[in-house]
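Chains as they are written, first to last, in numbering that gives the first Met the number 0: chain A, 0 to 348; chain B, 0 to 574; chain C, 0 to 170.
Treat the hints with caution; some may be incorrect.
[Stated by the list, open to error] Here are the computed lysine to aspartate or glutamate pairs in the DMTMM-like style, where the Cα-Cα straight-line distance is at most 25 Å: (1) A:Lys50 with B:Glu273; (2) C:Lys24 with A:Asp90; (3) A:Lys50 with B:Glu364; (4) B:Lys479 with B:Glu273; (5) B:Lys233 with B:Glu66.
[Stated by the list, open to error] Coverage of chain C stretches by chain A, computed from C-beta distances (three or more under 8 Å per stretch; other residues unrestricted): (6) 10–19; (7) 25–31.
Because the hints were derived from the structure by calculation, they are not lab data.
Since we're looking at a predicted model, the values are computed, not measured.
Each residue gets a CB set at the ideal place from its N, CA and C atoms; glycine is no exception.
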Amino acid sequence: MEAFQQMLSQAGWAQGMQPWALSGLAMLFAGGTILGGVAVGAMFFIWTERKVAGYIQSRYGPMYVGHFHGVLQSIADGVKLLLKEDIWPTDADKFLFRIAPLLVFTGAFLSFVVLPFGPDFVGASLDIGLFYAFATSSLVVMGVIAAGWGSNNKWSLYGAMRGAAQVISYEIPLGLAVLPVVMSVGSLNLGTLAEAQRGWLWSWHLFNPIFFVSFVIYLISSLAEVNRVPFDLPETESELVSGYHTEYTGMKFAFFFLGEYADMFVVSAIAVSVFLGGWYTGIPAVDAFVPAPLVFILKSVFLVFVQIWLRWTLPRLRVDQLMYVCWKVFIPLSLANLFIYGLIRSMVG
Amino acid sequence: MTAKSLELLQQRFGAELVEVDDYLGDASVTVRKSAVHEVLAFCKDEPTLRCDLLLDIAGVDHPEREERFEVVYLLRSLQTGTRLRLKTTVADGDAVSTVSDLWRSANWAEREVYDLYGVRFEGHPDPRRILCHHEFEGHALRKDYPIGKGQMCYVPEALLTDQQVEGSHALDVESRSGQLQNVDGEIASDLLAINLGPSHPAMHGALRVEALLDGETIVDARSEIGYLHRCFEKEAEDHTWQQIIPYTDRLNYVSALTNNVAYVHAVEKMLQLEVPERARVIRVIVSEMGRIMDHLVCVGTNLVDIGALTNFWYFFNAREYMYEVVERLCGERLTTSYTRIGGLYRDLYEGFESDLRFALTKVAEGVKDVTGLVQRNRIFMDRAIGVGAMSAEDAIDWGWTGPCLRSTGVDYDVRKAFPYLGYETYDFDIPVGENGDCYDRILCRIEEIHQSMRIIDQALKRLPDGPIQSPDRRVALPPKDEVYNSIEGMMNHFKLVFEGIQVPAGEAYGFIEGANGELGFYIVSDGSGNPYRMKVRPPCFPIFSSFTELVKGQMVADAIATLGGLNIIAGELDR
Amino acid sequence: MISTVIWCLFAGMTVMAALAVATSKNVVHCGFGLLFSLLGVCAMYVFLGADFLAATQVIVYVGGILVLILFGVMMTHRITATDLKSELVQPVAALIAAVAILVLSVGMILEQVWPAKEHLDPITPTTHAFGVSFLTDYLFPFEFASVLLLVALIGAAMFTRDSAGEDSDHV
């Protein structure tokens, strides 16, 4: 944002503007950039998902729109969703039904602010970046609950209940998993966390045995956090029809959809900055001339690809098994991991 | 066997037996109505009979008789191999005592007889209609019910009892015909009544299950079928024997070829007609093809229900290759109508063998991919092992047959137990499971695909040359030369075309191993050109009757996984 | 200037949402009113430079407590949404309590001498200071609260186990 403000203050046409107007304009620009990025990114991921699913399932996926492998399919879908009739279920809770997609999308969108795409390429370098990113996911839960309740549909309600229970449960191992790394670096700032992994490949946190356990727990829990297979219980199309967004059509549905894919990117990006060396390539010499955002985005996209890959490979868990994995496996494991790391640290110094 | 069991029954119940018959090798006993329960209990418990499996109960209507309805019990013993048909007669308005206390499979079977004929069963725990709508008036299979008469019924049936509903909180006030409007204010319990289907992604076809949930656990469930009921059996009474073949495609539309074979097999039994060897081998090939395709669909969709979507494509791609062969063979993919009474619609086409072998390699690849993905997959095992488990005794009691029964550990397969089409000469194994759960059912089906491929391979190797149609003039059109040049040939042709095949009066039960279990046709003929009564014994009807019992105490997700594994095909379930 | 406008917006949102909580007849709407009220308070914290507190507010109150409240509402009353009403039970007592709280808090606000800073550095790390004071000055309250929460957690687990009976070995 500061960068925008600086850029604006140097631009000719903005000379003589009030400082408050200038900073307001900068805010709008920054927000608009992130919003655009999120929307385009999510569309790209939707297309990727469909293509990857196609290749995994020995079929093609979208092939026509945009001439080359259906690249414009998502845009066509977006236009279709825009033009679709906006259906309201009878007796739906109008207020909740309306705000639910906004909450979900806002929650996903807010997290982008703290993602460190590069040393100087971050929306807001908050000191509590990691903590902030977890906090925003709470909004997503509220959105899911609002959707489930507002739809006036039992299947939606079941989806919402599952979603809420799942997300608040998996936030715990998710948070505990990153704590050893936070302890080691001594900061919650995502940029600082990434910065700590400068150097050769083996300085990435991934290659520390303790942090590796953390990474695995984080990766699996993050799947649950964003409701992806094998933890896609809130929307399980074979059981709950479509879960909490069963009743949604048109743009409202699109917001859920965009929010889901934006969230996938967010959890991947956090994993990249905490465990996978952020914007560093792992070879110091290469770092100098490769643009940092490119490295960061590529790594995140790779993790998104892993999520997609898992989705089309694994069956899904049952709701009690899901809770079992969280409370009886991941939480004790991550606590033990944290404890061992603390012990080692206090003994080694 | 037949003679001995009849003798035994005669000794024991001499006075109660009205008529004893073993026409076409089917032991058939007519007993007085008052003794039905006693005789059936004897058949079940007597060590030399041990009829542990009640296949089906059929009704027959003879309006001209004083006691116009016949109720026919089809019994089978898995231990002694006894096949027995027990009949009784009942007048309009009278009741027969229920046997649902002896076999649980009798529950739905008796409901069906009640629904279609109006015969009441005394002491039946749940005397409701089953295939027709609860507002339907009259009984569709009675001879005096006009075949073209439709009825418009609107109000859906409430499945759970009012008491259960009162205690729960249902959202869909409309679907409960206003019963729930008084449910506000005090809340009696935390149960939630929920409708699974008839349009729900996991209800393959149109089935409806209303479940009472405590959290995610199913406390009670009731099922409703009949959404796809088109009264095939009534239609059959209005068509000539050959004309019925296309209707059999629509029974189990997933393995239509097997259905075609089953139907003509039963009719040929009544005609005592021998089919040429080439036709017999081809029938083996096509029915095994049907079995493979059926299993591919069932396992593929079952895995989708558990969330493993990709396997569906691996199986459906393979099935697509099979369908190409089927299309070249019959001209149709789904509605094959490939068999004819006395033979086949047409011979194999040039290159059939190489096409089929190619398709089978694709199937083998698909099966290999899927087994690799799921068989040892921890999530899949957690989801499938122990889910929807059924013990062997219960399964037989419910009337299960086919892969579902074999998954419980019973090695009953019609192809081995009562070989037909020369199955005894083929070398194949019957895979059996141990626990009768979702996992075993899937693995049994997958192994059966392998076994079917073995059978097809042997059949292709031994495929003899020769005619594919029996020259028997009762069923085959005479050669053109005779039609044009001799009066007998001409008349023969005329009769066959205008009146259809004349099946001699009598009755028989012909059955084969369908993809999902024993597929039987109980046929009564009065010697005219149409069947007098045609009762289909679809394998999934008794299987689905046990569904609600099977899922009680399980979670919703398990219920869905279980349903997929049972392979309920609405087309043959509702007929 | 612009931050004042934004501050006013957030303050307005907090108050309006709080009003909605108090006046809405629908319990679920009250819950969502609380959501916006809490988010507004969170924004206040951000304006005060207490970023850690702000995020904690969202994580604990929105992500945890509010979700549980709504969860509880949905669990117990299930889905008969239309008759989920909150009613005015004892207006006189409520009025007295409200006025008393108002007087007390206004009095306190006026009494207290507030430490004010001329200029607020927007990004002051507070996490470290929090951690240090938790483990030094406020160690006892901190540990006490942890033990209390642990007791509550175990108690909750016990209760659910009892009611679930034997079926609960999976959970």
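Status of the hints after comparison with the structure:
1. A:Lys50 with B:Glu273: Not OK: Lys50 of chain A and Glu273 of chain B at ~55 Å, beyond 25 Å, violated.
2. C:Lys24 with A:Asp90: holds (16 Å)
3. A:Lys50 with B:Glu364: holds (22 Å)
4. B:Lys479 with B:Glu273: holds (23 Å)
5. B:Lys233 with B:Glu66: holds (21 Å)
6. 10–19: violated (count 0)
7. 25–31: holds (count 4)
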